Amino acid sequence: MKNFCKIIFIFILFILLTGCYDKAELEQQSYVIAIGLDKGEKEGTFSFTFQIANPEVGSTLSAGSDEEAEETISITGNDIVTATNTANSFVTKRIVLDQTKVIVVSEELARSEDFLRVIQSASRTPQIRRGVEMIVSKEKASDFLNNNDPKMEQRPHKYYQYMLNRAKQTGIIPEADLHRFFQITEGDADLFLAIYATTEKAETEDTGTEDEYIAGQIPQEGGNVTQFMGSAVFKEGMLIDIIDGQETRICNTLDKTMGMEELLSTYPDPIAPKYRISADYSQKEEPVIDVSYNKKTNHAKISVTVSFNLEILAIPSMIDYAQNEKNQKILRKSIEKNLENKTKELIQISQEEYGSDPFYWSLYIRKFFKDIPAYEKGDWNKKIFPNAEIDVNFVLKRLDFGKMLNDSNLNDVRD
Amino acid sequence: MHDKKTLKASEMFAMVTMLVGMKLTDTTATLYAQKSQNAFWVMPIISFLVILPSFLLLLFLLKKYQDKNLVELLESILGSVMGKLLGFFIFISSFLLIGLDSRSHIEQIKLLYFPASPNTVIFFLLLCIVFLGAKKGFEVIGFASKISLPFVKISVLILAILIMGEVVWQRIFPIFGSGLTIVLTEGVLKGSIFSEFFLLTIAYTSLRKTADFRIGALFGAFFVLFEIVFFFFVYTTVFDYNSIEKISFPFHDLTQFVSLGDYFTNIETFFMVFWLLAGFLRFIIYIYLLTWIFGAIFNISEFEPLLLPLSFITLVIGMIPDNSVVNETVYRDTLLNYVTPLYVIFPILLWGVALARGDLKKQ
Amino acid sequence: MARLLHSQKSNKKTPAKKETLYKDAKQNAEEIKRLFSHGTNEDFISRELIAAFNKKKVYLFFYSSIVNSNSIEEFVIKPLLEEEGESVSDVITNKDITQISDYQQAIENINNGKVIIFIDGDDNGYGMEVSQFQHRAIGKAENESVIKGPKEAFTESLYVNMSLVRKQIRDKQLITELTSIGERAKQSVILVYVDDLVNDEVLENVKNRIKNIEIDTVRNVELLEQLIEERPNSIFPSILYTERPDNAAAYLENGYIVILMDNSAACLILPVTFWDFFHNPEDRYTRYIFGNLTRLIRFLGLFLTTMISAIYVALANFHSEMIPPDLLLAITAARERVPFPLIMEILIMEIAFELIREAGIRIPNPLGPTIGIVGALILGQAAVEANVISPIIVIVAAISGLSSFAISDVSLNYSVRISRFIFILAAGFMGMFSLIGVFLLLFMYAASLKSFGIPFFAPVAPNYKSQGDTLFRKVLRAEIWRPTYVTQKDIQKKKKN
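Chains as they are written, first to last, in this note's numbering: chain G, 1 to 415; chain R, 1 to 363; chain Z, 1 to 497.
Derived by calculation from the structure, the hints in this document are not laboratory data.
Only true hints are included.
In silico BS3-like pairs for lysine-lysine, Cα to Cα no more than 27 Å straight-line: (1) Z:K465 x Z:K495; (2) Z:K95 x Z:K78; (3) G:K256 x R:K246; (4) R:K209 x Z:K465; (5) Z:K474 x R:K153; (6) R:K136 x R:K68; (7) G:K301 x G:K383; (8) Z:K465 x R:K5; (9) R:K5 x Z:K450; (10) Z:K489 x Z:K474; (11) R:K246 x G:K377; (12) Z:K167 x Z:K148; (13) R:K246 x G:K367; (14) R:K209 x Z:K450; (15) R:K246 x G:K370; (16) Z:K23 x Z:K57; (17) R:K246 x G:K235; (18) G:K256 x G:K382; (19) R:K64 x R:K5; (20) R:K5 x Z:K489; (21) Z:K207 x Z:K167; (22) R:K153 x Z:K465; (23) G:K397 x G:K301.
On a predicted model such as this, the values are computed, not experimentally measured, just so you know.
This is chain G alone, in the form it adopts within the complex (with noise of 0.2 Å):
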């Protein structure tokens, strides 16, 4: 009984010092928290770089430090995971990707065929989780990650958790985790939308309306530099194009998959056209897409409802909506209408240019074939969706004013 409890009390001591195989202290490791993918010089190597926390800012115990609050790396290699530890050679802790928040890629990486591959083999590691975003960023990732300066949220985790999801309640970029990138590619039907930003900034053009921007030309003072605005188009694993906020924030009402919480829009004013008016546009029921297919011609007719309710938040013409009904029914009109028109547009071009629709539509004509042999041949992106015949409908069921009844009038203000 003694020799044993000795036994067990070496044993014991021997675990406490050197522990097991995948023992590893926290102290040990570096969080990554953001990956950036570029091109490498050669064909075939990328460029990787990781943006890792620095667990020493923010943390009251080590107040003052002088640190800074992330490490931006850049290393050359195959994959991502043989790449961390290359970098290890100027890192002085083992790189874990468990709590990456964020994957971005340039938009050179993006529309080349290499892509595919090299984000293929991050899904194969179990550290990168499904969940992970996916942004593409118009300059270089590794520049976007070193150029991407937040001043109030030093730790960069928080930063992009509360970036991204503001930005997607307001509709103007797509939610855009791997596990959707994966079903969308590897479904080979429909397009795949990816949060598009940048930290560069373009020629501004003043369009008037506010969301029809892509990232880098929304005018900006102060702040960040870095713009998070409109999406890149992916059809099978390649960028073919990107859309602006407005038209992201269409596919997000046209896509039941997509949430969406708040849409502050303005519309033009269909009497004082000078104007816009502003309103919250909120959708509390899905779009409801109805699809008739014809086996034989292997055609598809496809009708969407989508009804939706407005509450107005500003009209600058100071035309009297609220009560005057003839206005109303001029302006229900035209804010039908003018959707209407904007998301045929953007139909038409997913039809004639990208062949393929970014509203993951294709699961509603699924259920006309038996089969996926069948429903493969049938081949929604070649052949189905870009010869449908679409029809558009948004149905205003309740028009609200706000609080106030109605606008003083400028002219008697002005008296």
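With chain G fixed as given, assemble chains R and Z onto it according to the hints.
Frame of chain G, contents of chains R and Z only:
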């Protein structure tokens, strides 16, 4: 009062659910999806329907020949030699299956949570715990299953609730997946995923009343079927047909995917805890039943000392496949296909012989 | 005479059993004096007097320290000196008088605080009950205090304790059965049970176990507990120990057996299940919702105290991806300057807490608060500032230590504290994998335990008809059945509706 047989239908139910219900988390889903794509969620129903008549027949025979367990029943119908031989076949087939199943189980643990640890070490630890647990005896295994069952099932329910937001039910279309015939034939061939039901009949006489066994087993069987079908449905609708083929462990992909608000984004360890608990219990039950059958075949009434050698033979079998992909797609797939006819036919054979001998009329 | 020679030669002070008295009172008196070392033994008193009723010499023996001297004077000596009558029983007015025919009885009588007399010409001796053992007054329950409910606690006197129990249950079927244990110095043990409720098998089992104790002395129930338990090496207790008479009464009403002894301000209750250790009498005194809230908190406490440190080790060392990023970075930052591996940190703090706890019990009262402050200050503040341990560990250890006090039962408390260390080591080995494995094994071990034939997790596993008082309790009005795993007699304690 201190009757040895204290297990009731609820413990039986818990054991069936633990033993078979774990199938929803392992690679069975992938195995199905390889063949039938997004229609794989209906395949358990087909497999179940193939197995169910035989299982009911076996229960009927057990009821007729009162106070006999599986091996005793085989022997009393087919005679000692033939009975033992058939029993031995059942034992060998299940024993190979447990070897491969446990390998697949430790592959999951290793790949997802302990990438640096060698297979052998995890396997060894698993079997040590399984062995020590199984040594506590059938009664304690029943109690442990019963008490852990609610926790395990609640964790799975939480997962189901959290993933609901990602479910897109249209993904079940096209309804027949890769084709009706493939779905049907594969479903029939994989009937053996429910073969554990038959192993449980070795414990037929070890419950308080034999009626408890029948009630527990049948309720358990239907509950398990429901559970598996429900989760396979969730896999289909979350992953879609192209992805599900590529994912080896859909359950763990789900647990890695879900998050509890913005603050708890990586909560897979929470589910892993209950999954591990259920996994341990599953193999404890499995090993115990197999050892029991082995003991019954070779007339070893004190079979519990055999747990140790059998556990380690399991380890040896489990270590044969080179890697998890081979283990899944070659060995396990083939074995499941070959074993199905055995389980479908033997109760019918028993019934036929019993009928011919006129045993069924007497009682 | 050979008998006398023999005993003189060996000078044995314990006579063989049933050695009968001599016919001669004087000879008896000498023998008693020798057996009790009269002269050396300060409080052993022997007195001679001439009885008034038959004018014969009377020898009295008693221990002055354990008898009431007033009673002796008033009910024994005074009547002997003054009263007239036919026989001793006529003369002596004491409430209780027994005849003594052998030395064994004589010795027992004296040891139990009786006075014995030998009278010239009488073959028998007589023993008279005049005992007065000193004991503490009935006090408040200190280890199992409640806010709502009776405050009385057992005290170190057997008869007082019996009185406290009988006060709770006024049932003629409440039996207090006396047996005695100890080869050398006998102590009385009283088994209390309700005759038409008790489980006879368990009762027989307990009696046998007490009978089979072959040990010189068993002074109190704390020692008795260890002598009659089935698994002395188990980390789980199998007998409940309580200082509350109301608690004991509650168990008696359900068919349990209570064991009482002198010198113990507590009783033993058996058989028990896990739930009995987990419960606190106050759970039943407070209302249904309130009681269950307490239960919930206590269960949380049980979970935290056994698991939190182990879970912390497992998460931080093996599954860091599970920790939310803010917390992860905070812990990492705190740990960057700590010189120990995380598991060492945890063990240091846990052991430190155990030290404070042990010291807290042993420290003389006036020093208590001082040491508490020093301990907390040194271990908490200073250790963190010196970067010896990280602050999060202080939080973890404090939670795990504090929660352990939610388990009010002394025995289970130890089990919980031991299992905490087992779990920490298990978690340090292979993270959650080994932690869950070891937890399952410990759990299965507990499920396989039996306390006097009753499964440890009854009535949950195996399932029994019972009052449904396990993790949570039912509304009092809905408690219809007695726990059938304990008793099979009169199992319905309340009429349905």
